[in-house]
Amino acid sequence: MSEEQTEKMTIVAALNSALDVALGLDERVIMMGEDIADPIGGVMKATKGLSTKYGEDRVRATPIVEQTIVGSAVGAAMGGYRPVAEIMFMDFLCQAMDQIINHAAKSRFMSGGHTTVPLVVRAMVGSSNFGAQHSQALEAWFMHTPGLKVVMPSNPYDTKGLLLSSIFDDDPVIFIENMAMSYSVPGMVPTGDYRIPLGEAAVLQEGEDVTVITYGAEVHTVMAAAESLVDEMSVEVIDLRTLVPLDLTTCLESVTKTRRAIVVHGSTQFCGPGAEIATLITDELFGALDVPVARLGGTYTPIAFAKELESLPTEDKVVAALRELVERPSVARQR
Amino acid sequence: MSEEQTEKMTIVAALNSALDVALGLDERVIMMGEDIADPIGGVMKATKGLSTKYGEDRVRATPIVEQTIVGSAVGAAMGGYRPVAEIMFMDFLCQAMDQIINHAAKSRFMSGGHTTVPLVVRAMVGSSNFGAQHSQALEAWFMHTPGLKVVMPSNPYDTKGLLLSSIFDDDPVIFIENMAMSYSVPGMVPTGDYRIPLGEAAVLQEGEDVTVITYGAEVHTVMAAAESLVDEMSVEVIDLRTLVPLDLTTCLESVTKTRRAIVVHGSTQFCGPGAEIATLITDELFGALDVPVARLGGTYTPIAFAKELESLPTEDKVVAALRELVERPSVARQR
Amino acid sequence: MQENGETQATEAIPSREELEWMYSIMLLAKAGDERAAAEAREGRLQAALYPVRGLEGVCAALGVAMQANDQMISSYRNLGDALSRGIPLRTIIAEAYGRLGGTSKGKGGTMHLTDNERGLVTTTGVVGSGLPMAVGLGLAAQLDGADRAIVVTFGDGSTSIGSAHEAFNLAALWNLPVVFVCQNNQWGEHTPLSSYAANPNLAERVASYGMASEQVDGFDPMATWRTLDRALAKARSGGGPSFVECLTYRLTGHSGLSDYSYVPEAELAAALERDPAPNMRRWLESSGLVDAGRLAEIEAEVEATADEAFAFAQESPPPHPDELTDDVYASGEGIPFR
Amino acid sequence: MQENGETQATEAIPSREELEWMYSIMLLAKAGDERAAAEAREGRLQAALYPVRGLEGVCAALGVAMQANDQMISSYRNLGDALSRGIPLRTIIAEAYGRLGGTSKGKGGTMHLTDNERGLVTTTGVVGSGLPMAVGLGLAAQLDGADRAIVVTFGDGSTSIGSAHEAFNLAALWNLPVVFVCQNNQWGEHTPLSSYAANPNLAERVASYGMASEQVDGFDPMATWRTLDRALAKARSGGGPSFVECLTYRLTGHSGLSDYSYVPEAELAAALERDPAPNMRRWLESSGLVDAGRLAEIEAEVEATADEAFAFAQESPPPHPDELTDDVYASGEGIPFR
Ligand SMILES: Cc1ncc(C[n+]2csc(CCOP(=O)(O)OP(=O)(O)O)c2C)c(N)n1
Ligand SMILES: Cc1ncc(C[n+]2csc(CCOP(=O)(O)OP(=O)(O)O)c2C)c(N)n1
Ligand SMILES: [Mg+2]
Ligand SMILES: [Mg+2]
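Protein chains in written order, with the working numbering: chain L, 70 to 404; chain P, 70 to 404; chain U, 162 to 499; chain W, 162 to 499.
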């Protein structure tokens with residue numbers, strides 16, 4: 070690991086750097102996806118230059134065949150490679166669900182451990198600019214599927230370190246990016262190889278009054294809300310970074326201290342990741358909580374195109390939820 | 070509604086009867102699915118006789134094309150029909166996710182309410198006899214998808230009444246059957262038309278000590294467990310019947326009384342329906358609960374073929390969970 | 162219409178009125194595209210845009226070949242298709258701005274136009290997903306015993322995806338009144354047809370399902386109209402489905418503001434020579450079908466319509482935040498909307 | 162091999178040893194099927210069973226045509242395919258009983274056999290899903306620069322589903338060393354080919370992707386072997402993919418105990434005349450390639466092997482309940498296994 074040299078990178082640049090490092094380290098790393106080869110180098114340019122540098126054999130632009138992009142990645146993984154499949158918008162994982170769920174996730178188990186499927190499916194949560202079919206966040210489906218790991222980073226540094234770990238992990242990983250963050254949150258990133266272990270949350274900010282557990286793009290919404298509340302309350306912010314494995318320990322430590330917690334995410338609240346996390350915390354810390362663990366997720370509606378119809382957690386909504394949570398009187402046990 | 074005449078029916082016979090009534094009532098009801106036409110009349114025989122009675126135009130056996138079975142149902146619904154699509158095993162909904170999620174669920178919203186998609190997708194949770202690719206319960210995915218309704222009955226009477234309501238509902242409904250119950254839990258069913266409204270849970274058994282919230286095949290496991298505990302505790306059992314809309318009111322009334330609750334289901338526990346239900350109850354009744362709402366769902370593993378490797382809630386597991394729940398000392402609020 | 166802008170005397174052509182309408186559809190699509198792109202460039206419009214440039218002739222031909230009771234499913238690249246159904250540009254543009262005056266009350270956006278009265282049943286942003294739905298609409302038409310046909314439009318790239326294959330087989334098997342209109346602009350996003358298909362003759366591929374299937378020069382609106390007209394008449398009269406591969410070329414980047422530097426210069430130049438609107442204009446004028454004065458009138462009308470459409474859209478109110486939970490369900494009782 | 166059980170003198174045939182092995186694969190598949198069905202009927206075996214009956218000749222041909230380093234993906238109807246890879250019947254049957262001695266330690270069941278050493282990479286219960294995975298294995302072989310070929314077997318019905326189409330196109334486009342072996346038994350579960358395809362000539366359909374594609378009489382093991390041998394050799398030497406449609410007929414119901422009363426009697430009777438094992442036996446004996454004594458010996462060996470396989474399976478211990486959470490992840494730290 071050489072963390073010495075660093076550079077300011079966008080998330081897209083960090084993705085590109087991680088893929089570059091992985092392709093350079095191990096010739097068993099290959100990539101497939103729509104438009105990923107040069108000259109275009111991917112619709113978000115995350116793979117720019119890689120087909121030129123490593124050859125179109127290893128970095129393959131495919132037809133529009135999500136099912137077979139993932140299916141061929143599963144097959145190549147079974148054939149000894151470490152494929153990274155790119156699916157433009159997460160919504161199009163709908164096309165590839167059979168290969169993800171019935172094959173990538175289950176093959177190791179169904180083979181009695183004989184078969185390993187080390188692959189990464191990269192996919193992007195889109196934006197309402199494209200409408201409801203290009204903006205759904207589906208991490209809860211994959212969390213609900215034993216056999217997969219689920220990663221959802223929030224910044225360039227984590228993106229690169231987690232993607233490298235994902236590529237060299239022996240289990241199938243769903244690696245979720247967010248279109249809104251692609252170029253908007255640059256940060257310093259080592260140019261070489263480094264890894265962030267899957268399953269370790271990051272405490273982004275320590276606080277005493279309330280714990281916010283979040284991940285992905287909502288990390289920035291939460292940090293902005295916490296910043297704007299700095300005179301009112303002391304907020305601890307946890308960036309989960311990976312959803313499976315889930316770093317419950319870090320969450321419990323924090324909530325033990327703050328006694329109040331909220332989970333914030335961009336996917337639909339109902340039956341979403343927040344329900345699981347809230348339940349796990351409640352299971353462990355029931356007697357130590359002042360109020361029930363709160364949630365703020367997407368509304369129970371598709372994503373609307375018009376900006377006025379906001380389904381996702383906004384800074385304002387997070388601020389309001391935090392105020393309500395902190396001001397709420399501690400709930401007494403009724404008998 | 071003529072509830073007068075009743076007959077002893079299996080769930081499969083109740084399905085057949087509901088479909089027969091619907092096809093007879095409204096010529097806009099049509100069906101499509103693999104092997105659904107006579108002579109075979111469906112792999113479970115749920116559609117036996119219907120293509121003969123109503124014609125192969127209205128009851129169509131399709132090629133093996135799950136995506137287009139559902140997609141053509143979406144199109145036919147947009148064209149004014151009320152299609153009922155049969156997908157053999159729920160696992161194969163993976164093939165049809167795009168049509169279900171991006172089209173059936175979202176079209177009304179994306180069209181600003183101009184487009185109605187009244188369709189039913191019937192699908193069956195399979196059995197471990199077929200292995201991990203024919204046994205996964207995926208209701209949580211559909212609960213997490215705004216725009217869909219989700220129905221999961223536990224007995225012949227509910228099956229017929231809920232299926233008829235689903236067919237004549239103007240929203241897309243995912244109607245989930247369970248292979249294990251197909252012929253094993255016969256009951257008295259009216260031969261004519263009757264409807265059970267979507268969104269109304271049934272209290273199957275009243276009790277004082279603990280509430281079990283469940284649905285689908287697990288209802289029978291829970292009832293057996295409650296029966297075997299009859300001398301130890303008084304168990305209230307709620308059969309949700311529909312998951313969206315969710316009858317939270319009935320659950321809250323019960324838990325207000327019992328102060329202890331557990332959600333039992335056959336789908337994977339992690340990020341499953343139980344997490345949502347537990348969280349909703351905790352939100353409302355935090356101070357009134359003696360102990361946190363418990364859950365018993367599938368283990369975080371694929372479904373194993375060998376019977377010794379049991380992933381689902383069994384009677385023994387439910388009994389153990391209920392004992393633990395009832396014996397657990399009421400949790401005191403720590404300060 | 163020949164390369165030089167002339168049509169064979171022996172071949173049928175639409176009425177003068179229809180020809181004028183075809184010409185105005187082409188111009189209107191182009192005007193809509195260009196103004197929307199300019200608005201987006203200025204940051205006044207936040208929407209994904211997929212220009213029709215190159216496909217105008219196919220859209221115009223659809224406008225005349227389809228009847229009022231026929232139905233259509235289109236894709237994200239839908240502006241010309243929508244205009245061909247007679248949908249006012251103003252409601253299309255209002256939708257692009259996310260306003261109540263849009264075809265979908267601003268909830269759908271550019272990819273999701275709906276106008277059931279005018280037979281635009283849905284437009285989809287998911288490649289290939291329109292084809293299975295078209296099969297269902299075809300089934301509905303067949304069961305109704307109606308003499309209506311269903312058109313589904315999609316790009317060349319969309320033929321790769323599994324759903325297309327399933328739909329071709331089923332439409333052929335059930336002899337459904339569906340016309341599959343492949344708007345082959347030679348590119349799937351940034352990847353050329355030759356890079357994603359070993360056999361780039363898509364019509365040949367689809368013929369193998371046992372379905373009528375042919376290629377037509379999509380830069381020639383008359384030839385395209387005749388082919389579509391035949392296929393639609395056949396569908397309406399119980400003759401079953403057809404695949405019509407309209408050969409054109411994408412004259413812009415994939416989306417409103419996207420890079421197109423990779424396009425082979427000579428290919429693009431050759432395609433621009435075939436640009437359908439100017440060619441049609443030349444032909445209409447030289448053949449004496451429509452005189453220069455009337456053509457100028459149409460052009461002015463198009464400009465005025467486009468001006469009015471953008472003004473209407475910009476003035477149309479946005480939806481109220483509370484409307485978010487409307488239109489999700491027909492009956493929303495017991496739904497956890499938050 | 163001719164209808165009368167004779168082969169042309171000019172045509173190549175496998176060695177005597179290979180012929181004997183082919184014959185024993187056929188018998189073993191049949192014996193395995195029949196005993197498993199009997200066990201299921203007695204309630205001693207709870208597993209989905211998919212008899213190979215009718216396909217034995219294709220499986221036997223694969224057994225000889227494939228080389229040791231070739232790889233295979235099969236489906237739920239996998240017994241003959243698995244035997245063709247040299248996988249011992251005992252481990253296959255033990256898997257059917259859900260025992261530790263099974264190919265997948267009892268975790269997979271009949272649909273999910275795995276034997277990486279013998280090149281059976283996976284078998285899938287989801288129709289059509291093997292084809293995209295085979296594309297990936299083909300890619301791996303191509304990148305390795307290995308002279309190995311990939312075989313994926315699937316039924317006629319599986320060609321309808323979208324994934325098959327995607328895989329054909331991609332294999333052709335990338336010139337991958339994949340041989341698509343369609344075991345056409347004329348039925349997809351309970352629906353005949355003619356009811357689900359307007360063009361029932363599947364080889365013709367696949368040829369349209371720009372791939373070598375042909376039909377062969379799957380009841381004729383010699384013809385099938387020659388065709389597969391050619392396709393495999395071509396794949397191994399960089400010549401690209403092939404589709405081989407082996408025309409047979411399903412001689413039993415779809416699954417172990419399922420209804421087959423709907424089969425047209427005459428069709429089944431005609432197909433039974435072509436039953437590959439007895440025909441091969443006649444031919445081997447009449448041509449003098451294998452004498453009656455040796456044939457009887459093989460038959461006795463097969464019986465013994467089948468006896469031993471079931472005995473082994475029944476005695477093999479089941480997995481311990483704690484093993485449920487093994488093999489889900491390569492590294493399971495932090496995973497919420499309950
Ligand atoms: C299933 C799916 N995969 C990928 C995309 C992203 N995408 C949008 S348009 C497009 C290219 C489609 O090409 P083609 O069908 O030729 O239509 P064109 O855009 O050229 O009109 C792609 C890949 C999508 N919308 N849906
Ligand atoms: C995606 C999917 N849909 C449906 C099924 C149920 N099913 C199992 S086998 C089968 C028939 C397949 O027919 P074919 O491909 O001809 O193979 P055969 O069984 O005849 O060998 C069906 C529909 C399945 N396993 N997977
Ligand atoms: Mg195109
Ligand atoms: Mg078959």
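There could be a bad hint or two in this list.
Said to hold, decoys possible - Distance windows between CB atoms, simulated:
| hint | chain 1 | residue 1 | chain 2 | residue 2 | range |
| --- | --- | --- | --- | --- | --- |
| 1 | P | Asp95 | U | Pro425 | 51 to 59 angstroms |
| 2 | U | Ser356 | W | Asn277 | 51 to 59 angstroms |
| 3 | P | Ser399 | U | Phe498 | 49 to 57 angstroms |
| 4 | U | Glu434 | L | Glu269 | 34 to 42 angstroms |
What the hints assert, rightly or not - Listed below are the simulated EDC-like cross-link pairs for lysine to aspartate or glutamate, each with C-alpha atoms no more than 16 angstroms apart in a straight line:
| hint | chain 1 | residue 1 | chain 2 | residue 2 |
| --- | --- | --- | --- | --- |
| 5 | P | Lys326 | P | Asp300 |
| 6 | L | Lys376 | U | Asp483 |
| 7 | L | Lys114 | U | Glu484 |
| 8 | L | Lys114 | U | Asp483 |
| 9 | L | Lys386 | L | Glu296 |
| 10 | P | Lys117 | P | Asp89 |
| 11 | P | Lys386 | W | Asp483 |
| 12 | L | Lys114 | L | Asp104 |
| 13 | W | Lys395 | W | Asp420 |
| 14 | P | Lys326 | P | Glu377 |
| 15 | L | Lys376 | U | Glu484 |
| 16 | P | Lys114 | W | Glu350 |
| 17 | U | Lys395 | U | Glu375 |
| 18 | P | Lys122 | P | Asp95 |
| 19 | P | Lys326 | P | Glu277 |
| 20 | P | Lys117 | W | Asp420 |
| 21 | P | Lys376 | W | Glu484 |
| 22 | P | Lys376 | P | Glu353 |
| 23 | P | Lys376 | W | Asp483 |
| 24 | P | Lys114 | P | Asp104 |
| 25 | L | Lys114 | L | Asp95 |
| 26 | L | Lys326 | L | Glu296 |
| 27 | L | Lys122 | L | Asp95 |
| 28 | L | Lys114 | L | Asp89 |
| 29 | L | Lys386 | L | Glu353 |
| 30 | P | Lys117 | P | Asp107 |
| 31 | L | Lys386 | U | Glu375 |
| 32 | L | Lys122 | L | Glu73 |
| 33 | P | Lys114 | W | Asp420 |
Claimed, not checked - Over 10 angstroms on every C-beta distance to chain L, these chain P residues come out as not near it, computed from the model:
| hint | residue |
| --- | --- |
| 34 | Gln74 |
| 35 | Asp95 |
| 36 | Arg97 |
| 37 | Lys114 |
| 38 | Gly149 |
| 39 | Asp167 |
| 40 | Met179 |
No lab work stands behind these hints, which were simulated from the structure alone.
Yeah, the Cβ is synthetic: ideal placement off N, Cα and C, and Gly gets one too.
The hints, checked one at a time:
1. Asp95/P with Pro425/U: 51 to 59 angstroms: At 56 angstroms between Cβs, range holds.
2. Ser356/U with Asn277/W: 51 to 59 angstroms: For Ser356/U and Asn277/W the Cβ distance comes to about 33 angstroms; the hint is violated.
3. Ser399/P with Phe498/U: 49 to 57 angstroms: With Cβ atoms ~34 angstroms apart, the hint is violated.
4. Glu434/U with Glu269/L: 34 to 42 angstroms: 60 angstroms, violated
5. Lys326/P with Asp300/P: 20 angstroms, violated
6. Lys376/L with Asp483/U: Satisfied, since the Cα-Cα distance of roughly 12 angstroms is no more than 16 angstroms.
7. Lys114/L with Glu484/U: 36 angstroms, violated
8. Lys114/L with Asp483/U: Roughly 37 angstroms between the alpha carbons, so the hint for Lys114/L and Asp483/U is violated.
9. Lys386/L with Glu296/L: At roughly 14 angstroms apart (the allowed maximum being 16 angstroms), Glu296/L and Lys386/L satisfy the hint.
10. Lys117/P with Asp89/P: This hinted pair holds, its Cα atoms lying about 10 angstroms apart.
11. Lys386/P with Asp483/W: Within the cut-off at roughly 15 angstroms; holds.
12. Lys114/L with Asp104/L: Holds, at about 9 angstroms.
13. Lys395/W with Asp420/W: With Cα atoms ~41 angstroms apart, Lys395/W and Asp420/W exceed 16 angstroms; violated.
14. Lys326/P with Glu377/P: 38 angstroms, violated
15. Lys376/L with Glu484/U: 12 angstroms, holds
16. Lys114/P with Glu350/W: With Cα atoms ~14 angstroms apart, Lys114/P and Glu350/W stay inside 16 angstroms; holds.
17. Lys395/U with Glu375/U: Cα-Cα ~14 angstroms, so holds.
18. Lys122/P with Asp95/P: 14 angstroms, holds
19. Lys326/P with Glu277/P: 7 angstroms, holds
20. Lys117/P with Asp420/W: 14 angstroms, holds
21. Lys376/P with Glu484/W: 12 angstroms, holds
22. Lys376/P with Glu353/P: Violated, at roughly 39 angstroms.
23. Lys376/P with Asp483/W: 12 angstroms, holds
24. Lys114/P with Asp104/P: Holds. Lys114/P to Asp104/P sits at ~9 angstroms (cutoff 16 angstroms).
25. Lys114/L with Asp95/L: 22 angstroms, violated
26. Lys326/L with Glu296/L: Answer violated: Lys326/L to Glu296/L is near 20 angstroms, above 16 angstroms.
27. Lys122/L with Asp95/L: OK: Lys122/L and Asp95/L at ~14 angstroms, within 16 angstroms.
28. Lys114/L with Asp89/L: Status holds; Cα separation ~13 angstroms.
29. Lys386/L with Glu353/L: Violated - the C-alpha atoms of Glu353/L and Lys386/L are around 27 angstroms apart, more than 16 angstroms.
30. Lys117/P with Asp107/P: 6 angstroms, holds
31. Lys386/L with Glu375/U: Roughly 55 angstroms between the alpha carbons, so the hint for Lys386/L and Glu375/U is violated.
32. Lys122/L with Glu73/L: Measuring from Cα to Cα gives roughly 24 angstroms; hence the hint is violated.
33. Lys114/P with Asp420/W: With a Cα-Cα distance of about 12 angstroms, the restraint between Lys114/P and Asp420/W holds, given a limit of 16 angstroms.
34. Gln74: 39 angstroms, holds
35. Asp95: Fine: 28 angstroms to the nearest Cβ keeps Asp95/P off the interface.
36. Arg97: The claim stands: Arg97/P keeps its Cβ more than 10 angstroms from every Cβ of chain L (closest is about 26 angstroms).
37. Lys114: With a cut-off of 10 angstroms, Lys114/P remains clear of chain L, as the shortest Cβ separation is near 26 angstroms.
38. Gly149: 23 angstroms, holds
39. Asp167: 4 angstroms, violated
40. Met179: Violated: least Cβ distance 5 angstroms, not greater than 10 angstroms.
Checked against the numbered hints listed earlier, the structure breaks hints 2, 3, 4, 5, 7, 8, 13, 14, 22, 25, 26, 29, 31, 32, 39 and 40; every other hint is satisfied.
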